[in-house]
Amino acid sequence: MPELLDLAGIFVFALSGALMGVRKRLDVVGMGVLAEITALGGGVMRDLILNVRPAAFQSLGYVLVPLAATAIVFFWHPHVARVMPAILVLDGAGLGLFCALGTLKALEYGLSPLHASLLGVTTGVGGGMLRDVLAGEIPTLLYDRELYAVPALLGSGAMAGLYTVGLYGWPATLAAALLAFGTRIAAMRYKWRAPLARGVTPPE
Amino acid sequence: MPELLDLAGIFVFALSGALMGVRKRLDVVGMGVLAEITALGGGVMRDLILNVRPAAFQSLGYVLVPLAATAIVFFWHPHVARVMPAILVLDGAGLGLFCALGTLKALEYGLSPLHASLLGVTTGVGGGMLRDVLAGEIPTLLYDRELYAVPALLGSGAMAGLYTVGLYGWPATLAAALLAFGTRIAAMRYKWRAPLARGVTPPE
Amino acid sequence: MPELLDLAGIFVFALSGALMGVRKRLDVVGMGVLAEITALGGGVMRDLILNVRPAAFQSLGYVLVPLAATAIVFFWHPHVARVMPAILVLDGAGLGLFCALGTLKALEYGLSPLHASLLGVTTGVGGGMLRDVLAGEIPTLLYDRELYAVPALLGSGAMAGLYTVGLYGWPATLAAALLAFGTRIAAMRYKWRAPLARGVTPPE
Numbered sequence: 001m002p003e004l005l006d007l008a009g010i011f012v013f014a015l016s017g018a019l020m021g022v023r024k025r026l027d028v029v030g031m032g033v034l035a036e037i038t039a040l041g042g043g044v045m046r047d048l049i050l051n052v053r054p055a056a057f058q059s060l061g062y063v064l065v066p067l068a069a070t071a072i073v074f075f076w077h078p079h080v081a082r083v084m085p086a087i088l089v090l091d092g093a094g095l096g097l098f099c100a101l102g103t104l105k106a107l108e109y110g111l112s113p114l115h116a117s118l119l120g121v122t123t124g125v126g127g128g129m130l131r132d133v134l135a136g137e138i139p140t141l142l143y144d145r146e147l148y149a150v151p152a153l154l155g156s157g158a159m160a161g162l163y164t165v166g167l168y169g170w171p172a173t174l175a176a177a178l179l180a181f182g183t184r185i186a187a188m189r190y191k192w193r194a195p196l197a198r199g200v201t202p203p204e
Numbered sequence: 001m002p003e004l005l006d007l008a009g010i011f012v013f014a015l016s017g018a019l020m021g022v023r024k025r026l027d028v029v030g031m032g033v034l035a036e037i038t039a040l041g042g043g044v045m046r047d048l049i050l051n052v053r054p055a056a057f058q059s060l061g062y063v064l065v066p067l068a069a070t071a072i073v074f075f076w077h078p079h080v081a082r083v084m085p086a087i088l089v090l091d092g093a094g095l096g097l098f099c100a101l102g103t104l105k106a107l108e109y110g111l112s113p114l115h116a117s118l119l120g121v122t123t124g125v126g127g128g129m130l131r132d133v134l135a136g137e138i139p140t141l142l143y144d145r146e147l148y149a150v151p152a153l154l155g156s157g158a159m160a161g162l163y164t165v166g167l168y169g170w171p172a173t174l175a176a177a178l179l180a181f182g183t184r185i186a187a188m189r190y191k192w193r194a195p196l197a198r199g200v201t202p203p204e
Numbered sequence: 001m002p003e004l005l006d007l008a009g010i011f012v013f014a015l016s017g018a019l020m021g022v023r024k025r026l027d028v029v030g031m032g033v034l035a036e037i038t039a040l041g042g043g044v045m046r047d048l049i050l051n052v053r054p055a056a057f058q059s060l061g062y063v064l065v066p067l068a069a070t071a072i073v074f075f076w077h078p079h080v081a082r083v084m085p086a087i088l089v090l091d092g093a094g095l096g097l098f099c100a101l102g103t104l105k106a107l108e109y110g111l112s113p114l115h116a117s118l119l120g121v122t123t124g125v126g127g128g129m130l131r132d133v134l135a136g137e138i139p140t141l142l143y144d145r146e147l148y149a150v151p152a153l154l155g156s157g158a159m160a161g162l163y164t165v166g167l168y169g170w171p172a173t174l175a176a177a178l179l180a181f182g183t184r185i186a187a188m189r190y191k192w193r194a195p196l197a198r199g200v201t202p203p204e
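From first to last, the protein sequence lines stand for chains A, B and C.
Using the UniProt record's numbering, the first residue of the first sequence is number 1, and each one after it goes up by one.
Using the UniProt record's numbering, the first residue of the second sequence is number 1, and each one after it goes up by one.
Using the UniProt record's numbering, the first residue of the third sequence is number 1, and each one after it goes up by one.
All the given hints hold, so there is nothing to weed out.
In silico PhoX-like pairs for lysine-lysine, Cα to Cα no more than 25 Å straight-line:
#1 Lys24/B with Lys191/A
#2 Lys24/A with Lys191/C
#3 Lys191/B with Lys24/C
#4 Lys24/B with Lys24/A
#5 Lys24/A with Lys24/C
Keep in mind the hints are simulated off the structure, nothing from the lab.
With the sequences and hints as input, model every part of the structure.
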């Protein structure tokens, strides 16, 4: 079940990467590369920081699932104009799953709840940040005006809290992931905003 | 005392990151993320290359100091127009401290003086490079027309030299840091320039 | 001989980095930094993922060769307008060598042929990606319309295949490197294209 959640996270992140490739008018190879990096980037960062060999370079599924996602987007992607909302929703789902799973792995490797949450956030946002930087855009993470890092921190913190009180296993992981995903979607839907410093006007 | 120098470096780099957030009109969350990445990025790179678990994911202060810096900038930052010089000066201070401390740690882990200096430079410039790339700018490091890598190399080389002749402890570290910082500030003040290749005109 | 191939790869990648510095009108220090990062970036990524201390921080040649390449470009670079084709050809040569050598090292560290190929591609494309991102451009790798990742994958896959059937040593490595290099050059010469998703028009 955790493996299934992990592959689900990889799948939705890979879809968001391949769709970004469509939006940037990349060919099928560029789409595949962006799908792989988006899907695997956060987990690789997590494993490098935990000082273990990255899971992405040991599992068959981690490498093949992004290729499947690329094929799906290549053959069945909707019109380009409809792509952006899908990127954001799928990205939110991947964010939630990766935050929960990254925090869990960090706790299992002995990090404190605070640092495990920080590493969970890194796992969740790392792949999307690489995707945005490689596509020549400022990461969504920074233009947090519709909240991106906050849901990531909520999901990771919830996972660390549940683990600390002895609640883990896939229902706890799923609950933490859904908390992050739900907050992210609600923030987009209701346009929740983080405050700006005095004298700062938002871009455009 | 080394811990204090380290936290001071993290603090000034975090200030420069949060101020870059103001300049890019990010909200408080984006400012905080940029502060954390600027402050911790170079040290994480150093520790990954030394193949040890990054200090940033073990210490409480490393995570909290950038948040304090973000709060200070959020509530008391001067007018946006005055932000850029402050970023550059604080960045120079962080550069000096991180070069000296990064070189020292690398020497303690058995790297040769040359390679320790190289890793010290990486420690010093890594966080600022991530800050610039994430903010959508070409890193200051590359537009070295007012010298950036040169002071970093001077400070790191001085630290490696002092260590090799048996002089270490915080006065030596501070001296190496001040050498890099002073050279950087002097280069900005007196507009010291590195040469361009023949036929190359500087960008505007 | 493998060391010689490795230094040759570092040299041509460093040339491509220094020439990118000329193209971006950087001074000699910026050129040197870009040369070092382009030449060493892919190998550092490979070694971090293999969880060993990066070779770049242990060998003298790895650090000095990019400086020599920078000096050559600084004193003898042709007119700026003629720089871009040279970057692309040298980049192709570095790509081939690094894919073959990266795959080989990954196999020696026990990765499966599939994952070793993936890490070989990472070794080959990593430095160039860093070069492009730092120079403020979208990586060549993504605008794969003249094939970039495909030759990398061919070369890495060939190396993994040869190794699996017991053929290794420098002739095998060189053959795999030439396969990637030749495919890359042929793709540029004959304008081989990867397909676009339906409804996607290429950028201009």
